[in-house]
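K.L.:
Listed below are the residues making up each chain.
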Amino acid sequence: MTPPDEAIRTLEAELERGRSLAAGARTLEDLERAEAAVLGRRSPLAGIQRSLGSLPEEARRRVGQRTNEVREALRALFAERRAELEAEREAALLEAERVDVTLPGRRPRPGSLHPLTLVEYRIVDIFTRMGYRVVEGPEVETEWYNFQALNIPADHPARTEKDTLYVDVPGHPDLLLRTETSAMQIRTMERERPPVYVVSPGRVFRQDTPDPTHSPVFHQVEGLAVDEGISLADLKGTLEAFARAMFGPETAVRFTPDYFPFVEPGAEMAVSCFACGGGGCRVCKFQGWIELLGAGMVHPNVLANVGYDPERYTGFAFGMGVERIAMALYGVPDIRMFFDNDVRFLEQFQAAG
Amino acid sequence: MRVPLSWLREFCPVDLGPEEVAELLTRQGVHVEAVLRPWEGLSGVVVARVVEVTDHPGSDRLCLARVRAGEAERQVVVGVRNMRPGDLVPLAPPGATLPGLSEPLAAREIRGVVSEGMLCSPRELGISQDHSGILVLPEEAPPGSDLKQALGLDEAVLDIEVKPNRPDLLSVVGVAREVAAGTGAPFVEPDTSVGEGEERAAELATVEVLDLVRCPRYLARVVRGVRVGPSPLRVQARLTAAGMRPLSNVVDATNYVMLELGQPLHPFDLARLEGRAVVVRRAEPGERLVTLDGVERALDPDDLLIADRSRGVAVAGVMGSAAAEVSDSTTDVLLESANFERTGVLRTARRLGLRTEASLRFERGVDPELVPLAAARAARLMVEWAGGSVAGGAVEVGGAPPRRRLSLRPERASLLIGMPVSGELVLETFRRLRVPARERDGAVEVEVPGYRVDLELEADLVEEVARLYGYDRVPARLPPVRRPGGLADSYAARRRVREALVRAGLREASTFSFASAEDLALMGVGEEEAVRVANPLAADQAFLRTSLVPGLLRALQYNLARQVRGAALFEVGRVFRRADPVEERDHAGVALCGQPGPAFPGEAREVDFFDAKGSVEVVLEALGLGDWALEPEPLIGPYHPVRSAAVVVDGARVGSVGELHPRVAARLDLPPGTAVAELDVTALSARTPVRVAYRDLPRFPPVRRDLAFVVDRATPAGAVRAAILEAAGGLADQVTLFDVFTGPPVPEGRKSLAFSVDFRAPDRTLTDEETERAVAAIVARLRERFGAELRAG
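Going down the list, the sequences are from chains Z and V. By the count of this note's numbering, the first sequence reaches residue 353 at its end, each step adding exactly one. By the count of this note's numbering, the second sequence reaches residue 1793 at its end, each step adding exactly one.
By construction, these hints were calculated from the structure, which means they are not laboratory data. One should not assume that every hint holds.
Mimicking DMTMM-like on lysine to aspartate or glutamate, the simulated pairs with C-alpha atoms at most 20 Å apart in a straight line are [as the list claims (entries may be wrong)]:
| hint | chain 1 | residue 1 | chain 2 | residue 2 |
| --- | --- | --- | --- | --- |
| 1 | V | K1148 | V | D1211 |
| 2 | Z | K285 | V | E1357 |
| 3 | Z | K285 | Z | D211 |
| 4 | Z | K285 | V | E1020 |
| 5 | V | K1163 | Z | D211 |
| 6 | Z | K285 | V | E1023 |
| 7 | V | K1613 | V | D1650 |
| 8 | Z | K285 | Z | E347 |
| 9 | V | K1751 | V | E1769 |
| 10 | V | K1613 | V | E1499 |
| 11 | V | K1613 | V | D1680 |
| 12 | Z | K285 | V | D1159 |
| 13 | Z | K285 | V | D1087 |
| 14 | Z | K162 | Z | D208 |
| 15 | Z | K162 | V | D1540 |
| 16 | V | K1163 | Z | D155 |
| 17 | V | K1163 | V | E1357 |
| 18 | V | K1163 | Z | E291 |
| 19 | Z | K285 | V | E1033 |
Based on the sequences and whatever the hints tell you, model everything.
P.N.:
Structural data, given as structure tokens:
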């Protein structure tokens, strides 16, 4: 066998050896060593390369060409295997970083507004968008602002100690915890001249023993509009707009006459039950309607009490209970839950708005 | 007010069903709360004739009755023996239902004899409270017929919520008038005709009224020769359906007319009125009276009494006494129909703590015109039900005032309602209401009947027009608001505070505004500084709260008692102090304990002082307050002595923050580390400079150096940080404390504070020399001021 033929055979053998070494390499380091063995300076292939000069021209060309082909083939072989091993190594590294995606997310501790605050904000925001200003006043009121000026006479049952909580400050026998936010009607009108468009949210108090529908402390939002030419029609339009903004555009409203000493004519507004649409369910106690608020045209005596001319100015007022609306809106069965502050209750309103 | 529909139809014969009448009335402002069917639970009971009554073979007490209802004859076991052969009785055969029973009757064996159903007492049928024997029926209903139909028990009753302004609706006739006005159906006046005997009432009794202000009208009629006994069954059933107990024919006649017309009446046994005299007078000082409920009452000279020649016999308009009460032996009755002044009855009823059907009506106002009509009607019914005869005429003192006249301008109605209202519509309204009205000088003049006490002003008449026209038909429009709306500053500030605390991971609570004496003591507030509630609902609500902390701590306790791991709560609300007279401020309170909220596995920790401090920081940030400090001075209240501080803004104390004193926490069953904070939002929002102005962003890179200093353990980190900023002469842009370390190699009693300092100048990149000079200045300053050593590395 002539040297050129032997060289060719060696090349073929090296190609085979390289193939099997590459395939057999389990790590990138193994592969490195194997590549050095078949392609490095001391490899048979390098030896053949170096000996090419001593071969006759025709043999040199033949052996040289094959040497190049084998080298390229081996390089490709190793590159391919390296890519495989690198992918394996990366996969192994990533696998080591695997997390349990079902673990809880890391997050700041969630806070939440009280459901009564949420409902109050919704009510207040609807009216401020309609051009009403928020006014606030004291929770300890005088009999004048809470009763007298609102046309509630001294012998009215609401004024007894069975209904109203009085406070005991020597020298001030007329002080009480306001029983309705209507007291703000008088304070506002005393301070300002028409046009007056205000809402007054706040806490009110009654001498009521707590039960599922009564709480001695609860919340109201009062509204008042006094201007020239204000009518029952304006009251209806305003409260209808409110009801649709609050409970949805499909809401139907029903106005019926009602009595409150500080309005005349007086009205009650009911809305079609937003839980059942009016068919009757637990939320509306199978009535189809939810009685929502009391309202009416400001009584001429009330206007006169603040020095407004009832012939020139007319107005409407309305008042609604925040708890009542929250109970209907969220289906809360017992008013006392709002004041228990059970976090398992409070957290239910996380997503409410 | 409960109005049986059949009764209402006597005065307004409408075809509408009960639900339709209820809907009509409600839309008219007469709010029907419910349509009741009191005998809903009664079915299958039939009229039966007693054939034979025999002894029960196995019992001395029981007997057997054979009864025939139509074709069938049945044997029933009965516990009483008041029925006789030939009587008509109510038979509840197997399958019948009774109001008091949860299941239909079944035939059952009683001491060896099968009872095919039962015979019923009035109480078992829900007709009256009488349970003394089997109800013996009048000879009206044929045996075998349905008892409910025979006695009119298939009745619907309107349960009406009567508003205080409409006392006329505390009567069947008043409600019938509304139905007539709403439907256009006719209104039938009650029959007040009465056949009178020879004798004259004036010869049989005298009436003297000593206080015509408190008793503007008093009328007495006399009925002689009555036989006191039960009223007709239909009457008893009707009274029961209307919510009153049937008592006897004489008393029932007065109650019946009160329910029908709204005029309270009182029957006296004429023979027991000394001197056959009625004297209406005030109580004497120290006078006492035993009212019909058996309670001896001390009277006030403001109380009005009905008396005879020697003693009080009734508290006027409230309740009678046993002294001259009608009894089984009564034969002659003096029937009182009077008008008592409203507020006087109210005062007396309140003083005595008595609320009766009569006082309820007088308190609200009874039509003085009713006095003679009601007396005549009751006398008529009394004779019809109890026999006897009515003496001629009446003894009367006082009278009804003239009717009020009011005027309504149609243009005023148009303005208030918001639609054109014609004079014709106004006249039509009052025609339907049967209120006299006529046009006069372009307005409508209305003569107000005595029963409409609510019609006092033009606006009241406008409501009548609107409500009979129908609120639903009034147009709807929006008023011409001409200014933008918005929040009050105080309201907006509280809203910012709430939102900040929610972002900080706290849940909003809402607690009552009351405080107990213990709450005040807990906060170190004297009772004389707090506002006392005059009529508290409970002893632990005797004051108004001076702080939000006690209520929030109670909320924590409530939650811990329900096995939650912890809670982070806040409240924004009003607190109260005695001033001249009361000072109200808005506070924000925070309370945290345990492990509130979800923590990442392995990262859960108990809250401490710094959680409460963090909530203070977010509130102050939300209000735009940068210049604030915590001053670790001792606080009054439940605080840990060295884990608490006052919050100071611009030199003024605006709040406090701290862990609870361990003893307080233990006493309240709260875990160690429970922390609270409270801020005076009223004070904070008064100094809020919420003005945001842009600052240039830094254009040159910082040089960052980590510097660790060893100082005495008592040295406040905040003071060290402030000294660093000061010593760097404006070159320290950010100074962040990133580690606090005690223990080896740091010597005992010392601690290491590690700061990361960004040195930066606004106009150039700092050179190494500049930075080193600044570091050297810091090191020198800290050594001088705190004895601080720079740690190597």
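K.L.:
Each of the hints needs a verdict: does it hold here or not?
P.N.:
Hints, one by one, checked against the model:
1. K1148(V) to D1211(V): This hinted pair is violated, its Cα atoms lying about 49 Å apart.
2. K285(Z) to E1357(V): Measuring from Cα to Cα gives roughly 29 Å; hence the hint is violated.
3. K285(Z) to D211(Z): With Cα atoms ~18 Å apart, K285(Z) and D211(Z) stay inside 20 Å; holds.
4. K285(Z) to E1020(V): This hinted pair holds, its Cα atoms lying about 19 Å apart.
5. K1163(V) to D211(Z): Given pair K1163(V), D211(Z) is violated - Cα atoms ~23 Å apart, limit 20 Å.
6. K285(Z) to E1023(V): Judged against 20 Å, a Cα distance of about 16 Å means the pair holds.
7. K1613(V) to D1650(V): Cα-Cα ~18 Å, so holds.
8. K285(Z) to E347(Z): Between K285(Z) and E347(Z) the Cα gap is close to 27 Å, so the pair fails against 20 Å, i.e. violated.
9. K1751(V) to E1769(V): Outside the cut-off at roughly 29 Å; violated.
10. K1613(V) to E1499(V): The hint holds at about 17 Å.
11. K1613(V) to D1680(V): holds (15 Å)
12. K285(Z) to D1159(V): holds (16 Å)
13. K285(Z) to D1087(V): With Cα atoms ~46 Å apart, K285(Z) and D1087(V) exceed 20 Å; violated.
14. K162(Z) to D208(Z): holds (8 Å)
15. K162(Z) to D1540(V): Holds, at roughly 18 Å.
16. K1163(V) to D155(Z): Distance ~16 Å between K1163(V) and D155(Z) Cα, so the pair holds.
17. K1163(V) to E1357(V): holds (15 Å)
18. K1163(V) to E291(Z): Roughly 16 Å separates the two Cα atoms, so the pair holds.
19. K285(Z) to E1033(V): holds (12 Å)
Checked against the numbered hints above, the structure breaks hints 1, 2, 5, 8, 9 and 13 and satisfies the rest.
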